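One letter stands for each residue in the lines below.
Protein chains: 2
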Amino acid sequence: MEKFEIINGGICAAKGFKASGLYCGIKHGLPDSNESAINKKNDIAMIFADVVCNAAGVYTSNKVKGAPVLVTQNNLAKSGGKARAVIVNSGNANTCNADGEEKALEMCRLTGSQLGIPMEQVIVASTGVIGQTLPIEPVKYAVPLLAEKLSYEGNTEAATAIMTTDTVRKEYAVKFTADGKECHLGGMAKGSGMIHPNMATTLNFITTDCAVSPEMLQKALSEIVKITYNCLSVDGDQSTNDTCMLIASGLAGNTEITSENADFETFKNALYQVMKNLTIMLAKDGEGATKLITCTCGTSPDLDTSITVAKSVIRSPLFKCAMFGEDANWGRILCAIGYAEADFDINKVDVDIASRAGRTAVCRNGAGVDFSEEKAAEILKEDEIEILIELNSGTATATAWGCDLTYDYVKINGDYRS
Amino acid sequence: MEKFEIINGGICAAKGFKASGLYCGIKHGLPDSNESAINKKNDIAMIFADVVCNAAGVYTSNKVKGAPVLVTQNNLAKSGGKARAVIVNSGNANTCNADGEEKALEMCRLTGSQLGIPMEQVIVASTGVIGQTLPIEPVKYAVPLLAEKLSYEGNTEAATAIMTTDTVRKEYAVKFTADGKECHLGGMAKGSGMIHPNMATTLNFITTDCAVSPEMLQKALSEIVKITYNCLSVDGDQSTNDTCMLIASGLAGNTEITSENADFETFKNALYQVMKNLTIMLAKDGEGATKLITCTCGTSPDLDTSITVAKSVIRSPLFKCAMFGEDANWGRILCAIGYAEADFDINKVDVDIASRAGRTAVCRNGAGVDFSEEKAAEILKEDEIEILIELNSGTATATAWGCDLTYDYVKINGDYRS
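These protein sequence lines are chains A and B, in that order. If you read the first sequence in our numbering, its first letter stands for residue 1, the second for the next number, and so on. If you read the second sequence in our numbering, its first letter stands for residue 1, the second for the next number, and so on.
Derived from the structure by calculation, the hints contain no laboratory data. Keep in mind that a hint or two might mislead.
Repeated chains share a single entry, so a pair holds when one copy, or any two copies, can fit it.
[As the list claims (entries may be wrong)] Under the rule of at most 30 angstroms between Cα atoms (straight-line distance), these lysine-lysine pairs were calculated in the DSS-like manner:
1. K181 <-> K82
2. K268 <-> K181
3. K276 <-> K219
4. K411 <-> K149
5. K348 <-> K27
6. K348 <-> K78
7. K27 <-> K375
8. K27 <-> K381
9. K40 <-> K226
10. K78 <-> K40
11. K219 <-> K140
12. K78 <-> K3
13. K226 <-> K140
14. K78 <-> K149
15. K375 <-> K268
16. K226 <-> K276
17. K375 <-> K149
18. K381 <-> K411
19. K3 <-> K175
20. K348 <-> K3
21. K175 <-> K268
22. K411 <-> K140
23. K381 <-> K41
Everything numeric in this text was worked out from a predicted model, so none of it was measured.
Sequences and hints are given; from them, build the entire structure.
What follows is the structure in structure tokens.
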């Protein structure tokens with residue numbers, strides 16, 4: 001784990017990836033010819049690789065799947081897991097529309113034709129309001145401009161373009177060594193509400209120059225999604241458009257990873273670093289959030305139990321409100337542990353609360369212990385809170401990330417479409 | 001269904017049930033001898049039956065079970081399903097306390113001894129903050145006074161005593177005929193937050209004078225709980241103290257119901273009327289709620305699918321916020337239908353929204369349809385909203401009840417313990 005260096009560059013950190021982003025008016029209409037689009041938030045992005053890449057994806061398990069999810073899955077099936085470009089917009093999810101698939105295909109066709117690649121090598125994604133017809137004119141307007149603007153430093157423009165109610169851009173990248181070669185892996189993510197991933201979360205794009213076979217790429221992605229994005233919940237609402245793509249150019253020059261060797265472990269750890277940090281950024285920027293909540297469930301019978309228990313706490317609206325109110329109402333933590341669908345002895349459970357201001361025990365063997373309310377108040381005043389659960393029933397550990405439930409979450413979501 | 005008459009009297013509507021309630025200071029300390037307790041909200045109640053009754057219960061499935069839940073289950077096992085009294089307090093859940101069981105047993109002992117009945121015939125329940133030691137002095141103070149105050153008109157005093165963050169008292173009763181005899185069935189309920197029952201909800205006590213065998217009583221209760229209380233969600237948090245008790249005195253004089261005959265159907269329908277109406281009262285009084293939301297899922301492959309889909313919508317925080325904002329953001333309804341764990345074709349789904357101001361289609365065959373935003377706004381301005389889902393995949397129907405998610409929910413729960 002110590003062999004990683006955090007670097008800049010997001011999705012352009014790895015060799016061979018250009019990106020761009022701009023405002024095209026998906027939600028608010030085409031930019032006026034007389035006005036500069038400079039003050040409008042980017043709403044469309046493109047990624048283009050110098051070479052054909054191996055690509056792995058994990059998608060929403062919601063029955064309502066956005067048209068772009070279906071089209072991307074289909075494209076990768078046709079291309080044999082190869083991809084060279086990504087086209088992605090915010091402001092409209094292109095989901096639950098009668099013409100959704102047609103529009104998503106048109107986005108691939110426009111992009112492929114502009115870049116001179118088969119449309120099956122284009123990954124398409126959309127995020128925003130569900131159930132409103134996607135206007136195609138802004139995309140037609142944008143694609144040639146995006147192609148023109150493509151740059152090896154375009155990561156920030158692209159990361160800005162996928163934001164919806166996000167208040168900060170989410171990018172993270174690391175450098176590592178595989179087969180004696182310097183490799184890079186970086187990603188961007190968006191998401192703030194409708195976040196309770198179950199297979200993947202919202203939109204995430206990760207690029208690497210490390211050479212990895214399609215099978216091993218998928219294996220690494222599925223394994224790491226489970227303990228990072230899938231351990232995130234902002235509101236318990238699982239999006240229809242969750243897509244997490246991992247794209248490998250192979251330009252680092254290492255021997256392709258085709259088995260579970262030492263390089264594969266190194267690669268997986270790099271992927272874990274990036275995905276974990278993007279997950280934390282997503283949790284911290286949850287809609288209306290004032291606090292990042294990290295819940296770790298240790299000494300558990302197995303990984304699934306740890307995840308189930310930690311996510312149950314992170315998801316509980318009552319617990320989330322108590323965190324907003326900085327109230328050490330630990331009974332709500334026990335309540336959420338108790339309704340988690342997992343098998344363990346509740347009478348052995350210990351709970352501590354912690355932050356940079358300190359740590360205190362609140363529960364031992366399933367029952368309350370005396371603690372200083374003053375100390376607890378100091379701990380909960382911080383903006384990053386840890387809930388530490390020990391089941392005392394095994395050796396597994398997992399962490400889940402979330403945020404508090406605030407007036408602003410209600411405000412943002414009581415008035416989203418307008 | 002048409003053979004019922006709504007009557008007054010709550011838990012005292014049926015023959016042979018007395019009740020009482022008073023303030024004893026569970027949360028705020030014993031009443032001062034110099035002050036009248038008249039302005040303080042009741043926090044303890046007693047029910048006492050003239051004869052030994054058959055009793056059936058459904059309890060929380062949370063692993064963390066309140067001590068009173070365990071003691072009641074144990075008492076009824078010992079007494080062979082017979083009960084004669086109920087002692088119940090609010091202000092403290094007596095849960096996650098090392099001495100919880102001892103205190104719950106003491107409540108039964110005090111009550112049994114005061115009323116001259118075996119302590120195994122006492123049902124005990126508590127509701128309020130989890131994880132704070134229950135003070136027994138207020139109970140000792142209250143029990144003789146409660147016994148003295150017992151009255152055939154004490155239902156309202158008792159229903160008031162079980163309220164926590166509830167803003168209104170919940171009572172409902174009906175009159176019906178079984179075996180040519182006039183029977184009565186009435187109940188009281190409490191609950192406003194931590195409501196997402198799964199086996200039963202929060203505290204509910206229902207009494208009847210209809211003679212029903214213990215087996216048939218349990219059968220009727222389990223069946224009706226499934227389609228009433230278990231279809232209610234205020235916040236997705238399943239309480240540790242959920243208890244629903246049905247107590248039958250047999251004093252109506254009908255031949256005891258011991259099989260699934262016509263009288264059993266009549267009895268079940270009466271129970272359904274009372275439990276459904278208490279469920280609606282609970283949903284309407286959800287913490288911070290401004291709107292009652294009723295979601296019906298019809299033309300479904302089976303009852304379980306209908307329930308799962310309707311509850312998924314009712315539980316979605318994003319949908320609940322949209323209802324608070326009176327925003328016809330139906331994509332969030334489709335999203336919640338899509339992540340419901342059930343098997344059906346999402347492309348056949350139709351959705352309408354309705355209220356006393358009218359009704360409009362928003363989705364047909366899983367895709368949006370044009371609708372008037374003005375009309376939708378008028379519909380959503382009302383305080384009782386209906387979401388009507390047709391899966392077009394079968395003949396089953398179920399309804400779930402909930403409420404909107406508001407600033408006040410956050411306010412109430414950011415500051416509950418104090």
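Can you tell me if K375 and K149 fall within 30 angstroms by alpha carbon in one copy, between copies, both or neither?
neither (54 angstroms within a copy, 44 angstroms between copies)
Up to 30 angstroms CA-CA - K149 versus K411, copy category:
Result: close neither inside a copy nor across copies, 37 angstroms intra and 48 angstroms inter.
When no copy is specified for K375 and K268, does a C-alpha distance of 30 angstroms or less occur within a copy, between copies, both, or neither?
Close neither inside one copy (39 angstroms) nor across copies (53 angstroms); limit 30 angstroms.
As a check of your reading, is K348 near K78 (CA-CA no more than 30 angstroms) within one copy, between copies, both or neither?
Classified as between: cross-chain Cα gap 28 angstroms, same-chain 52 angstroms, threshold 30 angstroms.
Classify it for me, K78 with K40: is the Cα-Cα distance of at most 30 angstroms met within a copy, between copies, both or neither?
neither (37 angstroms within a copy, 72 angstroms between copies)
K276 and K219: within-copy, between-copy, both or neither at 30 angstroms Cα:
Cα proximity of K276 and K219: one copy only (17 angstroms, versus 49 angstroms across).
Checking an output row: K175 and K268, CA cutoff 30 angstroms. Within, between, both or neither?
Intra 13 angstroms, inter 67 angstroms, cutoff 30 angstroms: intra-copy only.
Given identical chains, is K226 near K140, meaning Cα to Cα at most 30 angstroms, within a copy, between copies, both, or neither?
neither (37 angstroms within a copy, 53 angstroms between copies)
Have a look at K226 and K276 and pick one of within, between, both or neither, based on CA distance no larger than 30 angstroms.
Answer is within: at 11 angstroms inside a copy they meet the 30 angstroms cutoff, but 40 angstroms across does not.
Under a CA distance limit of 30 angstroms, which applies to K181 and K82: within one copy, between copies, both, or neither?
Within one copy only: 23 angstroms inside, 77 angstroms across.
Within a copy, between copies, both or neither: which one fits K27 and K375 at a CA-CA cutoff of 30 angstroms?
Between copies only: 23 angstroms across, 48 angstroms inside.
At most 30 angstroms between CA atoms: does that hold for K411 and K140 within a copy, between copies, both, or neither?
neither (34 angstroms within a copy, 47 angstroms between copies)
Hints 4, 9, 10, 11, 12, 13, 15, 17, 20, 22 and 23 from the earlier list are contradicted by this structure; the remaining hints agree with it.
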